[in-house]
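Visitor: Spelled out from the first residue to the last, the chains are:
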Amino acid sequence: MDEKTGTMIREGVESIINPLDLYAIEVGIQLKEEYDGKAIVISMGPPGAEKALREAISMGCDDGILVTGKEFKGSDTWVTSFVLSKSIQNIGNYDLILTGERATDGDTGQVGPGIGSFLDIPLATYVSKIVEIKDKNIIVERLVEDGYETLKMPLPALLTVVKEISYPRLPTLRGKQKARKIEIPVWSADNMKLDKSKLGLKGSPTRVVKIGHPKVTRSGTIVKPNGEESLLKAIDQLIKFMQKKRINLRRFNR
Amino acid sequence: MSSRDVWTIAEQSQGKIKEVSYEILTRGRKLADKLGVELASILLGYNISDDKLNELIHRGADKVYIVNDSVLENFIVENYSNVLVDLVRKYKPNIIIAGATTSGRTLMPHVAVRVNAGLTADCTGLDIEKGTNNLLQTRPAIGGNILATIKTPNNRPQMATVRVKSTKPAPIDRSRTGKIIKIELKTELIDGKVERIGFRKTEDEAASIQDADIIVSGGRGLRKKENFVLIRQLAKNLGGVVGASRDAVDRGWISYPHQVGLSGKTVSPKLYIAIGISGSIQHLAGIKTSDIIIAINNDPDAQIFKISDFGIVGDLFEVVPLLNERLAKVVK
Ligand SMILES: Cc1cc2nc3c(=O)[nH]c(=O)nc-3n(C[C@H](O)[C@H](O)[C@H](O)COP(=O)(O)OP(=O)(O)OC[C@H]3O[C@@H](n4cnc5c(N)ncnc54)[C@H](O)[C@@H]3O)c2cc1C
Ligand SMILES: Nc1ncnc2c1ncn2[C@@H]1O[C@H](COP(=O)(O)O)[C@@H](O)[C@H]1O
Chain A
1 MDEKTGTMIR EGVESIINPL DLYAIEVGIQ LKEEYDGKAI VISMGPPGAE
51 KALREAISMG CDDGILVTGK EFKGSDTWVT SFVLSKSIQN IGNYDLILTG
101 ERATDGDTGQ VGPGIGSFLD IPLATYVSKI VEIKDKNIIV ERLVEDGYET
151 LKMPLPALLT VVKEISYPRL PTLRGKQKAR KIEIPVWSAD NMKLDKSKLG
201 LKGSPTRVVK IGHPKVTRSG TIVKPNGEES LLKAIDQLIK FMQKKRINLR
251 RFNR
Chain B
255 MSSRDVWTIA EQSQGKIKEV SYEILTRGRK LADKLGVELA SILLGYNISD
305 DKLNELIHRG ADKVYIVNDS VLENFIVENY SNVLVDLVRK YKPNIIIAGA
355 TTSGRTLMPH VAVRVNAGLT ADCTGLDIEK GTNNLLQTRP AIGGNILATI
405 KTPNNRPQMA TVRVKSTKPA PIDRSRTGKI IKIELKTELI DGKVERIGFR
455 KTEDEAASIQ DADIIVSGGR GLRKKENFVL IRQLAKNLGG VVGASRDAVD
505 RGWISYPHQV GLSGKTVSPK LYIAIGISGS IQHLAGIKTS DIIIAINNDP
555 DAQIFKISDF GIVGDLFEVV PLLNERLAKV VK
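So the sequences go chain by chain: A and B.
Our numbering numbers the first residue of the first sequence as 1 and each following residue consecutively.
Our numbering numbers the first residue of the second sequence as 255 and each following residue consecutively.
In isolation and in its complexed conformation, chain A is listed as follows (with noise of 0.2 Å):
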């Protein structure tokens, strides 16, 4: 984290992919065997993105295009958002788009949605479950707070996924020969005739204006009984505790 900006230091540290974006990857490569179609994955980071891509390549996706430059640096989830769909247009054919539900770093889940809405195709977030693709339209399953809701949409359309909807795979030995020599084309402002002064940290409506650090620790206490009488004892000793902080025990055999 860069304290004077607010932006992630993303150059010279080892990029990997977002770990709940290989949910999304896995989806991807499973729908491309079943439909023989293409997998493409992007990635909008500094140069050493292109490790990430060819991770993803080297577990089955056909193509990654890297987006970078100077210019995208210091980004908010609006610009990412833009940037990104920018760069689907100009892939141009596609039928579906799957992003992670959130990256851990940011940790907004924004970004997926707002691609949606720059794209104007139907979204749905959270979906933990693809239970058909028939005829152009796409029913799915998304995870909510009280129970799971079936959406059924046209395609083109975006997914943020849960990790529940797969389990990733390894990169096979074949994949990881084809990621090694593959050529992984690079995006930038230039080449997508992007608008420069709506790009990083310039572009983007907000700013992190101040970064703490929250204390962690806790100063609580914590007994260590020994033998079955100390055992009871730090029992009553817990409950007592929780009746001070007035945790609600009257509930008890209900």
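Note that these hints are calculated values from the structure, not bench results.
This one's a predicted model, so the numbers in the text were calculated from it and none came from an experiment.
Glycine included, each C-beta is placed from N, C-alpha and C at the ideal position.
There could be a bad hint or two in this list.
So the derived list for chain B, only partly shown, Cβ under 8 Å to chain A, looks like this [claimed, not checked]:
1) Ala395
2) Leu443
3) Ile444
4) Gly446
5) Phe453
6) Pro554
7) Leu577
8) Val584
With chain A held as given, fit chain B with the ligands onto it using these hints.
Guide: Below, chain B with the ligands without anything else, positioned relative to chain A:
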């Protein structure tokens, strides 16, 4: 002309207003008072009675904008976004706040893109900056290891989703008065592409884990699926719900909706009890904002004890059954 109002997005399900709507009224009221402007609650839904709308006023709103139409019965982001964007363009609010629910976290980025607004996710703190009157939005990032404060200096509206349960619902004050503004749904705002064709409730209480006041979670220390019964018992006894570490979920001992942590749910109950959970950084990321954390673990050096308010170092297979037993006596 640009209005200076603060807006909060209310949520409903089958004509009932969800609790989170009142939590964000608490947030919104504070901001509106600091700015000296009006607070409006926006509600899209169907079959909403006037009583329900009045309750939003009794809980702090000066105005309620209601779009009541069968098309809006269920949350379909395209329809909701079109309607909200239309309202934003017409009434030009200064600030829009929604709950960081599955709907709020879908609707807000969809709208922010279209109205050119800055949006901050999952805020735990909202305030007004002295002098500039900008909205200061504070949120945990990088697995809760830092707290970032964010503002939107130039774009309006300023938008934020607020972490559920991070504030108390606004209380009812029946002496409060306000205006209910009923808005007709314009048919051209109906997208019509996405259809909701089914819904099934989660088979157990997992769904409510983010709303629960008490969560009892089990981890790898439980050794096998059958032993989760210990956790269920304690949860039931305390009137709480069951959570789990990723390890327990990955082993198939319990379903994913129960997972707490970085790649599961972020929770902030009054009481979180971690049993046989080591306290990995990813697990802690999901529980840091709990009021009280209690841990039971047989390893005195387990990380979980570092963030616990009370801990028992001991074998869970001895501690938990005994705890259940003793609780019975205490409460009788
Ligand atoms: C990207 C990423 C995302 C992740 N997301 C999550 C997430 O969302 N949630 C999550 O939980 N994890 C997550 N993890 C995994 C995390 O790193 C840990 O592996 C996991 O939390 C460990 O689960 P655990 O504490 O149950 O198991 P362990 O770490 O194996 O801990 C088991 C504990 O039980 C104790 N124990 C054993 N026997 C007994 C007994 N008889 N009595 C009492 N105590 C006993 C042990 O002392 C130990 O402390 C994530 C990891 C990654 C890389
Ligand atoms: N720079 C990026 N390049 C490619 N995909 C991204 C990028 N940022 C976010 N995403 C996608 O959007 C999802 C949500 O990210 P976020 O909104 O940052 O939490 C991620 O899981 C990715 O699938």
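Visitor: Now look at each hint and say whether the structure bears it out.
Guide: Hint check:
This hint holds: Ala395 (chain B) has a C-beta 6 Å from the nearest C-beta of chain A, less than the 8 Å allowed. For Leu443 (chain B), the interface hint is violated, since its Cβ never comes within 8 Å of a Cβ in chain A; the closest pair sits about 14 Å apart. For Ile444 (chain B), the interface hint is violated, since its Cβ never comes within 8 Å of a Cβ in chain A; the closest pair sits about 14 Å apart. Using the Cβ-Cβ criterion of 8 Å, the hint placing Gly446 (chain B) at the interface with chain A is not satisfied: the shortest such distance is roughly 10 Å.
Interface hint status for Phe453 (chain B): upheld, as the beta-carbon distance to the closest one in chain A is roughly 5 Å, under 8 Å. Hint on Pro554 (chain B) holds. Least Cβ distance to chain A is approximately 6 Å, under the 8 Å limit. A cut of 8 Å between beta carbons decides the hint on Leu577 (chain B): the least distance to chain A is about 5 Å, and the hint holds. With a least beta-carbon distance of about 5 Å to chain A, the hint placing Val584 (chain B) at the interface is held under the 8 Å criterion.
Violation of the numbered hints given earlier is confined to hints 2, 3 and 4; the remaining hints are satisfied by the structure.
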